[in-house]
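Trainee: Construct the entire structure; sequences and hints are all you get.
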Amino acid sequence: MTRRQRERLVRGTLYASAAGAVVLLAAIADWPLIRRNFFDPDIARSMWPDVLFIAARNTLLYTTLAFAFGLALGLVLALMRLSTIAPYRWFATVYIEVFRGLPALLTIFLVGFGIPIAFQVRWPILLQITLGLGIVAAAYMAETIRAGIEGVPKGQMEAARSLGMTRTRAMVSIIIPQGFRLIIPPLTNELVLLIKDTSLLFVLGTTPATKELTKFGRDVLAARANATPLIVVGAVYLLITIPLTQLVAVLERRNARAR
Amino acid sequence: MTSVSRDDVAIDVRGLHKSFGDNHVLRGIDFHVGRGEVVCVIGPSGSGKSTLLRCVNRLEEASEGSILIEGEDIRDPDADVDLLRSRIGMVFQSFNLFPHLSVLRNLTIAQRRVRRRSEEEAVEVARRNLARVGLAEKIDAFPAHLSGGQQQRVAIARALSMDPDMMLFDEPTSALDPELVGEVLEVMRDLAGEGMTMMIVTHEMGFAREVADRVVFMDAGVVVEEGPPEAVLVAPQHERTRRFLKILDDV
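In the order they appear, the protein sequences are chains A and B. When you line the first sequence up against my numbering, it's residues 1 to 259, in that order. When you line the second sequence up against my numbering, it's residues 1001 to 1251, in that order.
Quick caveat, the hints were computed from the structure, so don't treat them as lab data. Model, not experiment: these values are computed from the prediction. Be a bit skeptical, because a hint or two may be false.
Which residues of chain A face chain B? A few of them, derived with a C-beta cut under 8 Å, are [claimed, not checked]: (1) G164; (2) S173; (3) P177; (4) R181.
A few chain A residues that don't get close to chain B, going by computed Cβ distances all over 10 Å [said to hold, decoys possible]: (5) A21; (6) A56; (7) L75; (8) P87; (9) N189; (10) E190; (11) L193; (12) S199; (13) I242; (14) R253.
Glycine included, every Cβ here is placed at the ideal spot set by N, Cα and C.
Mentor: Written out as structure tokens, the structure reads:
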């Protein structure tokens, strides 16, 4: 037996046993039970249209707010970390280390309950959401953005300064635009993580109008004692996240060509 | 042009020292470039010639000594370094074009942001300088789509678009494939012919001999010898210069 034939035999055996396992599972599974509990069309239909126009919409809204806040604060923190002024660096370093080390749920509690109780303030739910998720997101994005800025070749800053640009001008016009191109993939990962983290927001207490996807699905699950809403909601998450990662792949390819 | 009066001096370096930690790279350099003069700085790698050039526009901070640009001390803490730099064109070994901007934007961005020129004027100046380096048709291209020689010519046009008083070249052809060196030297030769003040760190001895008014040979952080190209390159006085030129001849 040649080496090629042996390899083919091994691979064929592997595939055959995998296929056999699948067939066996399919044969012994209680299909009607699975269909009733996970794929009940009546329950799925009853979730329409709220699943899209309330739940998915809210998930996207909360993600956008937290991402925008995190990106803006993250950029400021990244620039502070790279600053020549020591106190700026210290502040940014402490912020990043503290909030990267805390669970997002803790900051959500802090913003939603801790601070309101302590200072007797009531702030709008959207602000709570933005801060609750954005404070932690900013810490992560600061490190990503810093890596992007440091990834721009040193000669770029030198060329910009040689043309008479101030350090700030060179950062804004030359370094940051290039740095962001480098970090589109990791930033998109942050975005996908944020989309999923919005599922933590139910702890803030939601009204029917402010439910996001996970809370929406969980409520239907509880009301109908059926897992179908989890499948529906999961599919909606994937409808959002998969095109996003595909878009990034396209952008990355285009970037690679422009280099 | 060895003894010029101070009024005619574009770059005047006196007693320059530069250390990187324990590494004493420049050990007391006196160096000048007269207005309209083309000075080629040659020497083995590690001799400090690039460091000297980078100290002139303060990309490196000198440790000691004075550097006067048209009479203004660029090391003075009160000096407007950005303004001084905008009058000194700089060309790098690795081109350093801005890859995210088109050729046109590469040429206009500093005109707009530093010189505060209007968009029309900046574009007009950019077009003129692109034509000067023979790349008018590449105005909308991106750097990645240009050959190394073209990129370096765009980099020269970018520096020229600021209407600098002088140009610094840091081994401008060292990163180029041999067949692309000529087109860049051609542009530099034209510039010299137009009377531009130029300081050129280079390994192109043929070019130095043909274009330079003066050649400065550096080794181990000091100026070993300087003078007209025929003197320094053909009949060097110092042993170290002779050895360096011989090595170049051998390869």
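Trainee: Are the hints correct? Go through all of them and say.
Mentor: Hint check results:
Annotation: interface hint on G164 (chain A) holds; nearest CB of chain B at approximately 3 Å, less than 8 Å. This hint holds: S173 (chain A) has a C-beta 6 Å from the nearest C-beta of chain B, less than the 8 Å allowed. Taking 8 Å as the C-beta contact cut-off toward chain B, the hint placing P177 (chain A) at the interface holds, the least distance being around 5 Å. With its C-beta approaching chain B no nearer than about 7 Å, R181 (chain A) sits inside the 8 Å limit, and its interface hint holds.
Even its closest Cβ contact with chain B, about 50 Å, leaves A21 (chain A) beyond 10 Å, as expected for a residue assigned away from the interface. Every CB of chain B lies more than 10 Å from the CB of A56 (chain A), the least distance being 34 Å, so the non-interface label holds. Non-interface status of L75 (chain A) relative to chain B is upheld: no Cβ of that chain comes within 10 Å, the nearest being about 17 Å off. The Cβ of P87 (chain A) lies farther than 10 Å from every Cβ of chain B, with a closest approach of about 22 Å, so its non-interface assignment holds.
The claim that N189 (chain A) is not at the interface with chain B holds, since no C-beta of that chain comes within 10 Å of its own (minimum 22 Å). The beta carbon of E190 (chain A) is kept farther than 10 Å from every beta carbon of chain B, the shortest such distance being approximately 22 Å. With a least CB separation of 27 Å from chain B, L193 (chain A) remains clear of the 10 Å interface cut-off, as annotated. At roughly 36 Å from the closest C-beta of chain B, the C-beta of S199 (chain A) stays outside 10 Å, upholding its exclusion from the interface.
With a least beta-carbon separation of about 28 Å from chain B, I242 (chain A) lies farther than 10 Å from that chain, consistent with its non-interface assignment. Against the 10 Å criterion, R253 (chain A) stays outside the reach of chain B, whose nearest CB is about 14 Å from its own CB.
Hint check: no violations occur; every hint is consistent with the structure.
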